[in-house]
Every structure is written in structure tokens, then in C-alpha cells.
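Residue-level listing of the chains:
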Amino acid sequence: MARRVTARRMVVSTVAAWFFGGLIFFPILWMVLTSFKTELEAFTVPPSFLFFDWTTENYATVQERSDYFLHALNSIVIAGGSTLIAALIAVPAAWSMAFAPTKRTKDILLWMLSTKMMPAVGVLVPIYLLFKNLGLLDTRSGLIAILCLGNLPIVVWMLFTYFKEIPRDILEAARMDGATIRRELTYVLLPMAIPGIASTLLLNLILAWNEAFWTLNLSTSKAAPLTVFIASYSSPEGLFWAKLSAASTMAIAPILVLGWFCQRQLVRGLTFGAVK
Amino acid sequence: MATQQTQVLARGLLTPAVALLLVWMIVPLAMTIYFSLLHYNLLDPGSEAFVGLENFRYFLTDPAFLASLQNTLVLVGSVLAITIVLGVPLALLLDQPVLGRSIVRLMVIAPFFVMPTVSALVWKNLLLHPVSGLLAWLSTLVGITPIDWFNDAPMTAIIMIVAWQWLPFATLILLTALQSQDEEQKEAAEMDGASALSTFLYLTLPHLARPITVVILIETIFLLTVFAEIFVTTGGGPGLQTTNIAFLIYSQALIQYDVGSASAGGLVAVVIANIIAFFLVRVVGRNLEA
Amino acid sequence: MGQITLQGVHKSFGQLDIIKDANLDIEDGSFVVFVGPSGCGKTTLLRLIAGLEDVTGGRILIDGQNVVNVPPAKRGLSMVFQSYALYPHMSVRGNIAFGLKMAGLPRAEIDRKVAAAAATLNLTPYLDRKPRELSGGQRQRVAIGRAIVREPKAFLFDEPLSNLDAALRVQMRMEVTRLQKQLATTAVYVTHDQVEAMTMADRIVVLNAGRVEQYGSPLELYEQPANLFVAGFIGSPKMNFVSGPPADQLGAATIGIRPEHLRIAQEGEGWPGTVSVAEHLGSDTFLYVDGGALGLLTVRGIGEIHLKSGDRVWLSPDPARLHRFDKDGMAIRH
Ligand SMILES: Nc1ncnc2c1ncn2[C@@H]1O[C@H](COP(=O)(O)OP(=O)(O)OP(=O)(O)O)[C@@H](O)[C@H]1O
Ligand SMILES: [Mg+2]
Numbered sequence: 001m002a003r004r005v006t007a008r009r010m011v012v013s014t015v016a017a018w019f020f021g022g023l024i025f026f027p028i029l030w031m032v033l034t035s036f037k038t039e040l041e042a043f044t045v046p047p048s049f050l051f052f053d054w055t056t057e058n059y060a061t062v063q064e065r066s067d068y069f070l071h072a073l074n075s076i077v078i079a080g081g082s083t084l085i086a087a088l089i090a091v092p093a094a095w096s097m098a099f100a101p102t103k104r105t106k107d108i109l110l111w112m113l114s115t116k117m118m119p120a121v122g123v124l125v126p127i128y129l130l131f132k133n134l135g136l137l138d139t140r141s142g143l144i145a146i147l148c149l150g151n152l153p154i155v156v157w158m159l160f161t162y163f164k165e166i167p168r169d170i171l172e173a174a175r176m177d178g179a180t181i182r183r184e185l186t187y188v189l190l191p192m193a194i195p196g197i198a199s200t201l202l203l204n205l206i207l208a209w210n211e212a213f214w215t216l217n218l219s220t221s222k223a224a225p226l227t228v229f230i231a232s233y234s235s236p237e238g239l240f241w242a243k244l245s246a247a248s249t250m251a252i253a254p255i256l257v258l259g260w261f262c263q264r265q266l267v268r269g270l271t272f273g274a275v276k
Numbered sequence: 001m002a003t004q005q006t007q008v009l010a011r012g013l014l015t016p017a018v019a020l021l022l023v024w025m026i027v028p029l030a031m032t033i034y035f036s037l038l039h040y041n042l043l044d045p046g047s048e049a050f051v052g053l054e055n056f057r058y059f060l061t062d063p064a065f066l067a068s069l070q071n072t073l074v075l076v077g078s079v080l081a082i083t084i085v086l087g088v089p090l091a092l093l094l095d096q097p098v099l100g101r102s103i104v105r106l107m108v109i110a111p112f113f114v115m116p117t118v119s120a121l122v123w124k125n126l127l128l129h130p131v132s133g134l135l136a137w138l139s140t141l142v143g144i145t146p147i148d149w150f151n152d153a154p155m156t157a158i159i160m161i162v163a164w165q166w167l168p169f170a171t172l173i174l175l176t177a178l179q180s181q182d183e184e185q186k187e188a189a190e191m192d193g194a195s196a197l198s199t200f201l202y203l204t205l206p207h208l209a210r211p212i213t214v215v216i217l218i219e220t221i222f223l224l225t226v227f228a229e230i231f232v233t234t235g236g237g238p239g240l241q242t243t244n245i246a247f248l249i250y251s252q253a254l255i256q257y258d259v260g261s262a263s264a265g266g267l268v269a270v271v272i273a274n275i276i277a278f279f280l281v282r283v284v285g286r287n288l289e290a
Numbered sequence: 001m002g003q004i005t006l007q008g009v010h011k012s013f014g015q016l017d018i019i020k021d022a023n024l025d026i027e028d029g030s031f032v033v034f035v036g037p038s039g040c041g042k043t044t045l046l047r048l049i050a051g052l053e054d055v056t057g058g059r060i061l062i063d064g065q066n067v068v069n070v071p072p073a074k075r076g077l078s079m080v081f082q083s084y085a086l087y088p089h090m091s092v093r094g095n096i097a098f099g100l101k102m103a104g105l106p107r108a109e110i111d112r113k114v115a116a117a118a119a120t121l122n123l124t125p126y127l128d129r130k131p132r133e134l135s136g137g138q139r140q141r142v143a144i145g146r147a148i149v150r151e152p153k154a155f156l157f158d159e160p161l162s163n164l165d166a167a168l169r170v171q172m173r174m175e176v177t178r179l180q181k182q183l184a185t186t187a188v189y190v191t192h193d194q195v196e197a198m199t200m201a202d203r204i205v206v207l208n209a210g211r212v213e214q215y216g217s218p219l220e221l222y223e224q225p226a227n228l229f230v231a232g233f234i235g236s237p238k239m240n241f242v243s244g245p246p247a248d249q250l251g252a253a254t255i256g257i258r259p260e261h262l263r264i265a266q267e268g269e270g271w272p273g274t275v276s277v278a279e280h281l282g283s284d285t286f287l288y289v290d291g292g293a294l295g296l297l298t299v300r301g302i303g304e305i306h307l308k309s310g311d312r313v314w315l316s317p318d319p320a321r322l323h324r325f326d327k328d329g330m331a332i333r334h
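As given, the protein sequences belong to chains A, B and C, one line each in that order.
Once you know that position 270 of the first sequence is 270 in the working numbering, the rest is easy, because the numbers rise by one and skip nothing.
Once you know that position 247 of the second sequence is 247 in the working numbering, the rest is easy, because the numbers rise by one and skip nothing.
Once you know that position 25 of the third sequence is 25 in the working numbering, the rest is easy, because the numbers rise by one and skip nothing.
Calculated from the structure, these hints are not laboratory results.
If you're wondering where the values come from, they're calculated on a predicted model, not measured in any experiment.
Be a bit skeptical, because a hint or two may be false.
To be verified - Below are the BS3-like pairs computed for lysine-lysine, each with C-alpha atoms no more than 27 Å apart in a straight line: (1) C:K238 / C:K181; (2) A:K164 / C:K130; (3) C:K113 / A:K103; (4) C:K101 / C:K153; (5) C:K130 / C:K101; (6) C:K74 / C:K20.
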């Protein structure tokens, strides 16, 4: 577009965009700042913005008091495990729907999508009782299974839309070149689909990391991921603002960074391709 | 690519996903339906008995149901309104020539990646706290008595938190849609002498109709079951003021241990969600043809 | 060896019959072109031979062996796709070598064969580039390289030149023909461009709505079209068809005469008409003549003919070049 942009328009929109962007981002920024204050400073009115004694003691306290690393490890295992298993089931399914579609493929896809729309709370009772009877409450494997099933439709969908964009001709060319289906998948399809697969996995990692219904209801301590760990800060005990901020910062930092990398895929994944 | 061999293989590869989802959908739902017809309380084991639709009658006539239904609708409606009313101008702004746009984008999208428990607690304690919260300080600066949000306007506080989490989503989708708008179409309108306002009204807004529909449908699905934000801030209170249907079902099931009526409530939630899902699936399904 | 025989091949997608009873005998080493209007089933027939689709009925024999249940990789054919279908993540070398690698050939032999194929196709300088770094014509040659390196029994081409510009198309047309003759490998080539068909083919298969209308050498199709469809489809500009009294006189329902076989005659000789459009190309002149009850007639004259719109003309058909068709559209032969 060779349109001339007037300097004035540029300045106005830049200032406005930074102002509103900053406003939206502010709670996160404030949380990070607070995490480096002492509890007293965190509570003091008027608040100090930059000129306070920066300290990292809150981070140490949080680890000591509520074992951040255990919960972070749980989050990694649960989010990562459920995403990986979902991908292992979803890649073949998406392949078959994208490259060997039948009359029913569209119905199957839409049906899968509709399972995602079933509200979790509708099946809370039976799942809770099943977990209780099977001894799965507060276990990583139980949460992995639930989150995997919950996200499976999204993983299938996203992979399907990515696979759909790979020209069928290329896979057929591989077949003519004598590749078996397995080699066709490993040497041709997967290398070409790596960007799509990566962003699918990333987005689902984020969704699983932030999942806060099943994790809150089905885990309490030993398998509790970071969502639950943070919830334990909901009952105040004395001055705890700075520690809460430190814990929160640690809980969101890894996933926020990942999220920034795949913001575009977010749109595609969450709208099931309805907006591109 | 329709040779028989391929078809057979494809069916084999599709089966695990379909079977798992089928089980995942049918087993718990069937159990919910079954429980909903029983008198079943975990505190009172051995007293299970078939009661027909009694649980539904109990759940639907419970004053808490009406209150929570109303709260649910208020929460969903307000958050939708806020995210769209603010999302459209914000997306339009970000579609302008902005220095450092990618950084602004990152700032705007960030709240979406914050887990619900964190955003609820940060808002509750750092921003909305009546004594040390930032908003309290700001209001004293301009001479207003700080509001004790979670006691005096708990629903408003929840709405603020949830809207903050979902505004990025709406903005990002609308922005993506704007960027796919045909630039030549806008230029043609400009050549035709259309003003910026009429370009917006007659070209941009119709172009946004579909993404706005998608935003509404998807947000609704998630907003109907807002849980963690309530769980860690108000616990549904004071009274029933912030109890939505999801939280009501949770409290009946895991606080009062009334499995029967919680199951009935769960089915009510499923029915409500299905009505919305029906429309969403149609919008998305149309896209599959392409 | 690469003799391909189709016996009663039939293909339907659901209710739709796309290929209806195709019978063909493609000789070893020959260059056979499938032509026909869009949607007539050319690609489908080629994919049936390749094994990318199952036949609904009938047999496909390669060197006498029925291959309908043999997967594509085992049929010993190679295919050049319209979109080229190069592997985007592999270099030119990787693309050409892929089939050999799948066949498990030793490294040294693969290298030797790839180098030879690249030399034949002038691709040696580009071996380490990715497909997206090549021009259209170069990509086309990589696709061909990938096909020849495996030394298949036959090449299958699906409109391989349709994405190239006109000049390059002419050049590649000759290159493909030369290569095919040099390798003496059977080729089945799909196109809807009749110039390609006429210039490249040893024999042409004219397809229409899933049916083989005629199978013969280019000149056979031109001189003795089997029916109205072939007569109208082969040749440009299209053959003129006339029915009514002039046809009745010759004992036919319809007679056909190609534009180049209509002569501008003396007044009173042949069919009268009025020139409605005259196109002067220098080398040729095309006249579109309103022949009244005879309909619109196209005339092709060599060189410049000084006639313009509105002029009265008399047209005389070359009697030796008249084609006669019965009421079912089939050619009447003496
Ligand atoms: N997988 C399929 N399912 C259903 N119908 C199909 C399928 N593939 C092709 N067809 C139909 O079969 C007919 C023949 O298609 P084909 O691709 O063979 O035509 P073609 O002669 O190659 O045309 P073109 O010159 O346009 O490439 C078309 O009407 C097409 O719609
Ligand atoms: Mg075709």
C-alpha cells in the first residue's frame, strides 16, 4: 500500500494505542512491580511506582512456604502430558479427515467441536465420583486424562485446518514415488506441517496450563498445578500482597511468553478457523 | 485420494479419537442423567432412591436457581457488551499506522494468557482492595470515598475482572478480521467520495459482522461457566450475589454433597450451552465448505 | 517395457458415472494424449492408471499384468502433476532423489542417477536450491526430473505445461517430446490444449463426458473424425456444420466442412452469404459469414483477402473434404 500516512495521524494513533495498550497491560505490570516490594511497601498508600527498595525475598519466601517448584512441575507435566497425548491421537485423526474425507467427515468434525461446548459443570458430578472411586483425585494422571479429552477436539480441529492447506498432490507425488503411508507421513506431511503442529501444541499447552475448573475441583495438593497453588492465596493472612504478586508472576511468566509467540494461532484455534 | 486401501487405513486412524470422545461425551452425561433422577446425597449414603423429576423441580424452583440464572445472564451480557463495545474501537485503533504496533499488540493480548486464578486475585488484592488497592488510592486523590468493591458491588467487580480477561480475545479477533479487509475496496470507496464515517458504517461494520458473531458465540460458551474467578474471590457471596449457575452446581455437589440436584442443574446447564452451541456450529460449519 | 491396456474401465463417484467403459491399448514407447473439454474425466482416467483412485469396474493391464489391486508405488509409473507437487522442504536434489531413496537404492547409485537426470534437464546449477527459489520453468523441469530418474515403465502427465507462459510452453513442449523419444518410454499426457495434443501425440484419445469418442493419430482425427463431437473438437477454428437441403443432397443429416476447406468462389457458385466480421492477420484472413439458412460459417483463407463487413460472398466447399454425419452424429464413410 503506497498510501501516504500523515505525520499527525501517525502521532495521534500511536499515542492513543500506547495509552490504551498500557492501560490494559497495567495490572500485569503492577503485579510484577509489587512482587519486588517488601510487604510493607506493597501495602503503603500512596503506592510507590519505581522508587522503592527492590527485593527478591518474596520469591524465596514463596518457594519456601508453598513449594512453587512442585506445582510448577505439576503444571508442566499435566499441561505438557495432556497436550502431547492429545496430539498423538489427533495427528492420525486429522490426517485421515483431511486427506481421505468421506461424506461423514464434516459431521464428525462438527460433532467433535460440539463436545468441546459441553459445559464442564454439567458432568462435574459423575467425573468427581468416578475419580473418587478410581482413586484418581489429586493425581497427575487423572488430570492429564481429563485435560487431554477436553482439548482433543481443538487439537483435531486445528491440525485439520493446517493439514487441509497442504496440497494433496504433494502427498500423492510421494505415493507415486513409492513411499508407504507411514513414510509419506514422516518424510513429507510432518515436515511440511511442522509450523502448524507447533502452534497447535503451543496453544493447547496454554489452554491446559490455565485450565481452572477441573484442576480446582479434582486436585488439592500433591498433584495440584499452579492454578490451584495460586488459589491457596485467596484467604488472606496478614500482609501478603507482595508474596501473592511474586507467586502470580512465577505462575504466569512462562506461559505469557509462549502466548506472545503464538497470538496469531490463538485466533485460528479458538475460532475453529471461522476468522482468519 | 480415495483408494480403498487408504480409506480403510484412514478409518483405522480416525477411530481412537472418535471412540475416546464418544466415551467422554456419553458416559458422564448418561451418569448425570441417571443421578438427576435419584435422591442421592453423599452425606447420607445408602438412602439413594428413584425420585423421578423431583430434583429438577427442586433445582428449578429453588430461589437460588433464579438468582443464579439472573447472575449468569448479567455476567455474560455485561462482559459481552464491554468486550465488543471496547473491542471494536481498540481493534480499529490498532489497525491504524502505529509506531511499535507489535509491542502494543503484545500488551493488549497479555491478559488472555493470565490464568483465571491469578487475574482474580491480583484484581481483588492489588487493584480493588478498599484500603491499599490502587483504585482506592486514585479515588481518594480525586476526593471520592473508595468503594469496597467485593462487599458493595461484588458483581461489578467480577464483571470487571472477566471483561479484562476477554477484551484481548475480542480485540485480537476483530483486528485479524480488519486486517483481512480488502484494502482496494476501501480505496474504491474513497475514490467514490465516501467519508471515513460512511466507509466505516457501510464497509467495515458489515465486514465485522461475522467476527462479532463468532466472538459473541465463543465468549458465551466460556462465560456461561465462569468459575475460578468466583471461587477465589467471593465464593459466590455475599449471600447469592455472585453465584452463577456453574458455581451453584459446584456448591450443591461439592459443598452440600447433593449429587441428585447438582446433576439436575448440570443438565440444565448443558441444555443452555447446547442452544448456543447450535448457532456456533452453524457459523463454523459454513466455513468448512471452503 | 510399458504397454498399458484398459479393458472396460469404469469409474463412478457415488451415483455419478465419471468414466464409462473405457477401452484403450497404449503401445510401448508411444506418446498418447488425452484431450477433451473440462470435466470430461481426463484427470480421473489418468489417476485410475496411476492407482491413485480405484476402478469401479474393468481391468487395467500393465505389460499384460492386471494391476487394479496393485498400489500406485508398485505399478512402476511416475507422474508429473499440474501443480508440480514438489516437496517444498527438500532441495532439488532431495526432490529428485526421494523416489530412489524410498526404493532403497545405495547412496552412490542415487547420486549418480540424480546427477545424470539433472544434467539432462539443465538443472545441475540448482541442485541445492529449494523449489520456492526456482522459476516456473525450472520447477517444471524438477518435476520431470523426479519422474525420469526412476526409469518408470511409463510417464503420466496431467496438464504439466498449463502454468507456464506461452513462450515457455512451446519450448517445454519440444523438450518433453524430445526427452520422451530419447528415453523411448511410454507417455500418457493429459491436456485440453489441442495444439499440444496435435504436435506431441503419436495417438490422441478424445474424451467426452467420460466416454472415449475416438482413438487415433492426430491426422486421422483431423481427416476422419468418427463423429460430430470429434469433428467439432479437433481443429481450430472449429469445423462448420450445415444441415438442411445441402446435407440432404449428399444423403447425410449433417455435413461438416473445415474453415480452411471453404473457398471464396465466383458469384453464383456454391453458398451465398454476407461477411459479418473479417479478421485480417496478415498471414491468414478469417471471415465470419452469415449464410442465412445455413447459419454462421467460418472461412479461413491464406494470406490477405480484401473483403470487409457487409460484402456479399459465395462460398464453395471442397467436395473431397466434406464430412458427412448421420442423424446420430456418426460419420458416414463410403
Ligand atoms: N473425488 C471426486 N468426487 C466426486 N466427483 C469427482 C471427483 N473427482 C472428480 N470428480 C468429477 O469427475 C468429473 C471429471 O473430473 P476430472 O478431474 O477427471 O476432469 P478433467 O477432464 O480432468 O477436467 P479439467 O480439464 O478441468 O482438469 C468432474 O465432473 C468432477 O466434478
Ligand atoms: Mg484435470
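Distance restraint between C:K113 and A:K103, which requires alpha-carbon spacing of 27 Å or less: 43 Å, violated
Does the structure keep A:K164 and C:K130 at a Cα separation of 27 Å or less? Roughly 22 Å between the alpha carbons, so the hint for A:K164 and C:K130 holds.
Is C:K130 close enough to C:K101, meaning Cα to Cα at most 27 Å? It holds: about 18 Å lies between the C-alpha atoms, which stays within 27 Å.
Take a quick look at whether C:K238 and C:K181 sit within 27 Å of each other, Cα to Cα. 31 Å, violated
Given pair status - C:K153, C:K101, alpha carbons within 27 Å: 18 Å, holds
Run the distance test for C:K74 versus C:K20: straight-line Cα separation, threshold 27 Å. 26 Å, holds
In terms of the numbered hints stated before, the structure departs from hints 1, 3, listed from lowest to highest.
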